[in-house]
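In order, the protein sequences belong to chains A and B.
With my numbering applied, the first sequence covers 6 to 165.
With my numbering applied, the second sequence covers 250 to 739.
Read the hints as simulated data drawn from the structure, not as lab findings.
Note that this is a predicted model, so its numbers are computed, not measured.
To give an idea of the interface, some chain B residues facing chain A are shown, with a C-beta separation under 7 Å as derived from the structure:
#, residue
1, ARG651
2, GLY656
3, ILE662
4, LEU698
5, ASP701
6, ALA703
7, LEU704
8, ALA705
9, ALA707
10, LEU709
11, GLU710
Lysine-lysine pairs mimicking PhoX-like chemistry, simulated, CA-CA at most 20 Å apart:
#, chain 1, residue 1, chain 2, residue 2
12, A, LYS80, B, LYS712
13, A, LYS50, A, LYS75
14, B, LYS700, A, LYS83
15, A, LYS80, B, LYS700
16, A, LYS55, A, LYS28
17, A, LYS100, A, LYS145
18, B, LYS496, B, LYS507
19, B, LYS700, B, LYS712
20, A, LYS145, A, LYS163
21, A, LYS83, B, LYS713
22, B, LYS602, A, LYS75
23, B, LYS712, A, LYS83
24, A, LYS157, A, LYS100
25, A, LYS51, B, LYS700
26, B, LYS602, A, LYS55
27, B, LYS700, A, LYS75
28, A, LYS113, A, LYS163
29, B, LYS497, B, LYS507
30, A, LYS50, B, LYS712
31, B, LYS713, A, LYS80
32, A, LYS55, A, LYS75
33, B, LYS712, A, LYS55
34, B, LYS565, B, LYS510
35, A, LYS100, A, LYS163
36, B, LYS565, B, LYS507
37, A, LYS28, B, LYS700
38, A, LYS28, A, LYS51
39, A, LYS80, A, LYS28
40, B, LYS700, A, LYS55
In this text, a Cβ means the ideal position worked out from N, Cα and C, and glycines have one as well.
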Amino acid sequence: MTLYYVSIGTNEYQVEISTIQTKINGESIQAALVELGERGMYVLKKGPWKREMLVQPQENNQYSINANGKYVVVKVEKSNSKFRRKNSNAAGEIKAPISGIVVRVNVKEGDRVAEGDVVIVLESMKMQMLLQSPVSGIVKSVHVNLGLQLSKGDLIVKIE
Amino acid sequence: MVANRGEIAVRILRTCRELEFPSVAVYSEADKESLHARYADEAVSIGATPAAESYLNIERVLQAAIDSRADAIHPGYGFLSENTAFAQAVEDAGLIFIGPVPETLALTGDKLAARRIARETGLPVLPGPDEAINDKIPASLLKKVTFPVLIKAVSGGGGRGIRLANNSAELEVMVQAARQEALASFGDENVYFEPLVQQAHHVEIQILGDGLGRILVLGERECSIQRRHQKLIEESPAPSLSPSMRKKLYEAALNLGKALKYRSLGTIEFLLDDYGAFYFIEVNPRIQVEHPVTEMVTGVDLVSVQLRLADGQPFKYAQEDIVTRGSAIEARIIAEDPENGFLPVTGDITYLKEAGGPGVRIDSALYTGMHVTSDYDSLIAKVIVWADERQTTIRRLRRALREFQIGGVPTDIDFLIQIIDSESYIQGGANTTYLETFQHSPTEGEENLEKDMALAAALLEHKKRTQPQSVQLNPGLNNWQYQAWKEQMH
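Isolated chain A (complex conformation) (with noise of 0.2 Å):
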């Protein structure tokens, strides 16, 4: 079972999904999602009752959705807005999580990242290790480069 946090404006959505159900706002529906042959044209479908939509994914798990003549950007996370709320100020930091050397970098200042985007890899007794961004955001400063050894708890990249 996943759970998604899905916004649109103001307004917050939970969407619970696994292979036996779909719930929203913990309600149990029958619901699939057809793509259809025409780029970013879908079908909902809700049991024998279906509803077309234009979706098109844009940066930061957005999606852009036209249907009847709406038309509204919606935000897809895996956590909600609370939570992202607390962790706001310390979520913007990679720290190196064990000792290690700097094997690859894949940002640089100014990048826009995704929450989840591979942004440093760590290479620590014989192992590499992907550090991926724990929010999406700017990439505000970088702190290593390549071959630098690190110990653990140093900073690595801040994402604004």
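Place chain B on chain A using the hints.
What follows is chain B alone, placed relative to chain A:
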């Protein structure tokens, strides 16, 4: 040759094709792949993207006409359509300007002169000084003013640069601001003022003249649904008009047209108040954005009559032939962001499906891949519908707007639907201030739609996250899975 761009250029070119008149389009740098340039038989580049260096440049537009050996120029609306110097230059070059004679443009372009002629012809005009006012307003004049007033540019029009003043202190400040704006926008700092007509309806009469004194009246249009003095929804017939008032307006328009010995298409604009009075506002000496509603109810192709007239052919119609039938409404689709104060937006059209079906006409220059630029008007398409009576037309317009799908840029489509769904609009009583206080509360249907959109987005995101992606640095794999994958690759 069509000296314009966008939907109106395409619309004019379509009639050229029907009449089998060879056509020439002009285009700026930004418009080299645009629909109007593609639709014409020939297309001539006239310069850089800014309008001042292309569509507003008299020399370049005229040179394009001469080089392509065009014999007539249709100016569309906006740009050079009301420019006296342009019309004069076209005629001096031995070409036909499809519109009024330059003398008429000079007169209608000077709003105070137009007022004077209208009054001399017996049309009611709003009280107010007949002279342009300066920064210092004489006390004798101030005493006679009934506030609030609207300050307008003498060389303005089209609702641009209008300012409101509620008292004499505001008047001084606003006159100064309006003068600066008028100078910047129209190259003429002269302004005047008229009392604000509260709760007014905007009704305009379409006329067609042969330039020799023969005038046809082609019905009216009501354009009361306005935002920031810009029309959004127009219709014919006007729902607020009584038969006796309609007769008075037709007569007034006919008389003014005769007095001007009007040539080609023109629109006489009036304001109607709640007390049964009407006032002349201005003459629009060109084809209008909202002309299709008149075409729908009269069955007359207005561009075709303009072109035939310019070609020296006599009028095909007598006044008795002009019979209006049913009801037509136009809604303007504008690239703008309702979430951000309805500010114009730019972007690429990534998906397009225009509405169709019974009674629906789409005038647009949209195509998939088109770039909506901030260099020109943000009007990108017009949806015009016709039905035998107004309530059916409204239902048809709602259906058509819901069908219309534009991907890539936000538009006012949803806002248009909200307006035509509102009680006041349906009753036909909405006036020019209606949108200032317009409030929409989401219906159950809209709430369900939003929920469905949330559901669709979550399902798509889930699909993206759970489906295996191409073999590359994959953030979907955890660190140790990635390591296992990497080892396999060695």
